[in-house]
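Below are the chains, spelled out letter by letter.
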Amino acid sequence: MPDGPAFEFLAALIASSVIAAALLGLVAVSGIWGKRKITAAFTDRIAVNRHGPFGLLIIVADAVRLLSKELIVPEGVDRPAWDIAPIVMAGSALLGFAVIPMGNGLHIADPEVGLAYVFAVASIASVGLVMAGYSSNNKYSLLGGLRAVAQNLAYEIPLILTAASVVIFAGTLRMSGIVEAQATTLFSVAGIGIPSWYAFVNPFAFVLFMAANLAEVGRNPFDIPEAPTEIVGGWQTEYSSVYFVLCYLSEFIHIFLGGAIIATIFLGGPAGPVLPGVVWFVIKMGAVYLFTQWARSAVPRVRIDQLIEIGWKGMLVLSIANLVLTAVIVGITV
Amino acid sequence: MSLEDPTKPESEAVVGETEDGLDYDALEALLGDLAIGRETHLNAEAFVVRPDEVDAALTTLRDEAGFDHCSCVTAQEYDDRYESIYHLRKYADPTQEVGVVVPTSRDNPVSQSGNNAYRTADWHEREAYDLVGIEYEDHPDLKRILLPDTWQGHPLRSDYDQEQPQVVALREHANPLQEDHRGGEDSDTMFLNIGPHHPATHGVLHLKTVLDGETVADVESDIGYLHRCEEQICQQGTYRHQIMPYPDRWDYISAGILNEWAYARTAEDLADLEVPEYAQVIRTMSAEMCRIASHMLAVATFALDVYGDFTAIFMYAMQDREDMQNLLEDLTGQRLMFNYLRLGGVAWDLPEPREEFFEKTRDLLDDLPERLEEYHNLITSNEIFQMRCVDTGVLEPDVAKSYGATGPVARGSGIDYDLRRDDPYGYYDELDWDVVTEEGCDNYARVLVRLQEVEESAKIISQCVDLLEDWPEEERTIQSNVPRTLKPEPDKEVYRSVEAAKGELGIYIRSDGTDTPGRFKIRSPCFSNLQTLPEMSQGEYIPDLIASLGSLDIVLGEVDR
Numbered sequence: 001m002p003d004g005p006a007f008e009f010l011a012a013l014i015a016s017s018v019i020a021a022a023l024l025g026l027v028a029v030s031g032i033w034g035k036r037k038i039t040a041a042f043t044d045r046i047a048v049n050r051h052g053p054f055g056l057l058i059i060v061a062d063a064v065r066l067l068s069k070e071l072i073v074p075e076g077v078d079r080p081a082w083d084i085a086p087i088v089m090a091g092s093a094l095l096g097f098a099v100i101p102m103g104n105g106l107h108i109a110d111p112e113v114g115l116a117y118v119f120a121v122a123s124i125a126s127v128g129l130v131m132a133g134y135s136s137n138n139k140y141s142l143l144g145g146l147r148a149v150a151q152n153l154a155y156e157i158p159l160i161l162t163a164a165s166v167v168i169f170a171g172t173l174r175m176s177g178i179v180e181a182q183a184t185t186l187f188s189v190a191g192i193g194i195p196s197w198y199a200f201v202n203p204f205a206f207v208l209f210m211a212a213n214l215a216e217v218g219r220n221p222f223d224i225p226e227a228p229t230e231i232v233g234g235w236q237t238e239y240s241s242v243y244f245v246l247c248y249l250s251e252f253i254h255i256f257l258g259g260a261i262i263a264t265i266f267l268g269g270p271a272g273p274v275l276p277g278v279v280w281f282v283i284k285m286g287a288v289y290l291f292t293q294w295a296r297s298a299v300p301r302v303r304i305d306q307l308i309e310i311g312w313k314g315m316l317v318l319s320i321a322n323l324v325l326t327a328v329i330v331g332i333t334v
Numbered sequence: 001m002s003l004e005d006p007t008k009p010e011s012e013a014v015v016g017e018t019e020d021g022l023d024y025d026a027l028e029a030l031l032g033d034l035a036i037g038r039e040t041h042l043n044a045e046a047f048v049v050r051p052d053e054v055d056a057a058l059t060t061l062r063d064e065a066g067f068d069h070c071s072c073v074t075a076q077e078y079d080d081r082y083e084s085i086y087h088l089r090k091y092a093d094p095t096q097e098v099g100v101v102v103p104t105s106r107d108n109p110v111s112q113s114g115n116n117a118y119r120t121a122d123w124h125e126r127e128a129y130d131l132v133g134i135e136y137e138d139h140p141d142l143k144r145i146l147l148p149d150t151w152q153g154h155p156l157r158s159d160y161d162q163e164q165p166q167v168v169a170l171r172e173h174a175n176p177l178q179e180d181h182r183g184g185e186d187s188d189t190m191f192l193n194i195g196p197h198h199p200a201t202h203g204v205l206h207l208k209t210v211l212d213g214e215t216v217a218d219v220e221s222d223i224g225y226l227h228r229c230e231e232q233i234c235q236q237g238t239y240r241h242q243i244m245p246y247p248d249r250w251d252y253i254s255a256g257i258l259n260e261w262a263y264a265r266t267a268e269d270l271a272d273l274e275v276p277e278y279a280q281v282i283r284t285m286s287a288e289m290c291r292i293a294s295h296m297l298a299v300a301t302f303a304l305d306v307y308g309d310f311t312a313i314f315m316y317a318m319q320d321r322e323d324m325q326n327l328l329e330d331l332t333g334q335r336l337m338f339n340y341l342r343l344g345g346v347a348w349d350l351p352e353p354r355e356e357f358f359e360k361t362r363d364l365l366d367d368l369p370e371r372l373e374e375y376h377n378l379i380t381s382n383e384i385f386q387m388r389c390v391d392t393g394v395l396e397p398d399v400a401k402s403y404g405a406t407g408p409v410a411r412g413s414g415i416d417y418d419l420r421r422d423d424p425y426g427y428y429d430e431l432d433w434d435v436v437t438e439e440g441c442d443n444y445a446r447v448l449v450r451l452q453e454v455e456e457s458a459k460i461i462s463q464c465v466d467l468l469e470d471w472p473e474e475e476r477t478i479q480s481n482v483p484r485t486l487k488p489e490p491d492k493e494v495y496r497s498v499e500a501a502k503g504e505l506g507i508y509i510r511s512d513g514t515d516t517p518g519r520f521k522i523r524s525p526c527f528s529n530l531q532t533l534p535e536m537s538q539g540e541y542i543p544d545l546i547a548s549l550g551s552l553d554i555v556l557g558e559v560d561r
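Respectively, the protein sequence lines represent chains A and B.
Take the first sequence: its position 303, counted from the start at 1, is 303 in UniProt numbering, and no numbers get skipped.
Take the second sequence: its position 216, counted from the start at 1, is 216 in UniProt numbering, and no numbers get skipped.
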């Protein structure tokens, strides 16, 4: 077998391409077809059913439609920033998947600081949001960009503090280490072993993380950076055609990245009976995605000041309490 | 009465109020020299007032005689004068009405503004200026309201040249980005155009908003995008048949029959037509079906504004509205533009087989409580929804009255005012139902009112169905004898209103001896309700502004006419 840096680089490139392609496929299915079907199920409708089996060919139709539209560049946009912003947003979310163990050996890199890395790259998206909002030369975009920053600031900290409580349990930031730490059996009920997934070990942290994650990915009740009925489309108002696709894509990849993080640090990663690990992993990610869609169909949107209040006065306090409590418990028991 | 204005001296009786209605002589004595003449309209007496004493006359009538509701301002042209009529009534008893007629000369049509006494006069007078060309002194901002600022001439004047080209240059909005900061260089505020193309303006409405951060510092509505000259169209149509299709197009969101009834009631009073009782029951039933459909849409779009997406609630409410529309389609043959009422009755009897129609209706009404329970579970008991709606968009009762707010908007502010009960028409006074009021004065209260009104409407429909089912076959007269051509005597004037889905929908007609009205004026409830928006949203956040706008439940077709 050949060896050397060139080979390693090539191997990494192929692996990344495979995972990125798989992800984009997943987004295409769930974002274009799944979203329609799920929302329809929640709202007593049928949705697409005329394009191929189960309306699946809508994916092709939508792709053609979106990509063949005219790219309208409004007058007075700040050109390089306006062009880069969608790429930054989509790219940052994709980068996060590099360290996620997806089971069956699908794991591109496993650095020691895996979890910190995921949060670091995921929050680059905020930069993209500000760029988009500020460079669009549109007041709605500006309002949306500002809202996005305020929201991400308010929820990133509780998110990371809650994740830190998991790190205290696992004793490592390495993603594979966190997954391994959840492999043991917590307790057995009638012969069926309940694994020590951190969602079972510390359900409080799990709920907190799920809520903060909704804000992080900008879904109801925290979809205020876009808030179509208030500020039209927020930061993405002026994007059309391919750039719109990138914005849309980045949102869905972010939801899946959120799902992947939750699956990894709370739901035992790819662990699960009978089915191969990667299938379990996709199922867990899909469950989180379903949850966001459910919230979108049923929960009202909070106001920006209420959101900030919930973030700084509620979630932050709770997450710190959770962190301290976890540290005390781990300190006593271990 | 708890709703009476607390500033009013309670001990003395209100001038002009007697056991059996209004004593117009007492009112004339009260006005004294202010009244220089007296006219008799079909609905009420009217006092003629000099153009420079309008404010004094209106203030006197408001403070001393208790006329706290300026329902409408009608402007019209005569051969020798221009005239504004202020139609005043009382929130406590809308059957007590009085008109204030202000004639102005042809060469100098200038009159004092009534804006001081009733804030609702602001928009009504702007409309009068726009369409008829009467100028109002001391008006805070007298400019065109329905037509573009650049419009030449006043279309409801007889000397208006319809052929002249109207070059409408959009001077002010040549580049909306140009004027980012209105209010001086050192100001921190941002000017934002919300609409005319915006997801939450429910049609084509333009809100000129000044923002201080996310807070609304000032908001001004710019209306008229959907102006279709409805009044003029109606002035050119014959009473008997040509006018009736148009009311469907004012509040076009499934409230058609309610609108038709406004015209039917006014024209029937004008021409002194009887309506058979059987037809009245059918009218009452179909009107309440329209009200349910309309309220369902109001709740749906309000949820859309607060939830921010086409959520479950939106689709559920659309489904319930759809069910109502199917019934109306069975009855009238149409889904939106019903054209079902006729002067003196309705177009045709219930669809055969009648039993099937009754059964369908009953099934729907039986399911309704369960559906409403779901709305309460999904919306009103949702804590985030309450967080968003309780104590936002507050409209105090006295402010609401001053702006002439009616319908669910007024009832959400605790004003116990419903023309179906207070100024009975149709078959309402024979039926058992209640007027719903809520004391909250906020967005939440208005949603509660609409949801409860759906229940009350269902009660009314169910009683009507029972009545219709037992109606003897030989007495099912759907229409009285109406002359082929209606030509009311000249110079009869009447102002009548009904409780439409959005509030008090009034029609003023002056006959001129022909088979078409001399003046046809529409008092739109949405027009008056929309005026309250700045009061509700100044100092609140943009999301609250959007929610308040949604809770007003405006239909631009009715605002702009």
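Be aware that a few hints might be false.
[Claimed, not checked] Derived pair list, reagent style SDA-like, types lysine to any residue, alpha-carbon separation capped at 20 angstroms: (1) B:Lys208 - A:Pro228; (2) B:Lys208 - A:Lys313; (3) A:Lys35 - B:Lys208; (4) B:Lys208 - B:Pro490; (5) A:Lys37 - B:Tyr541; (6) A:Lys313 - B:Glu383; (7) B:Lys487 - B:Phe310.
Note that these hints are calculated values from the structure, not bench results.
None of these values were measured; they are calculated from a predicted model.
Hints, one by one, checked against the model:
no. : hint                : result
1   : B:Lys208 - A:Pro228 : 18 angstroms, holds
2   : B:Lys208 - A:Lys313 : 34 angstroms, violated
3   : A:Lys35 - B:Lys208  : 35 angstroms, violated
4   : B:Lys208 - B:Pro490 : 44 angstroms, violated
5   : A:Lys37 - B:Tyr541  : 34 angstroms, violated
6   : A:Lys313 - B:Glu383 : 18 angstroms, holds
7   : B:Lys487 - B:Phe310 : 50 angstroms, violated
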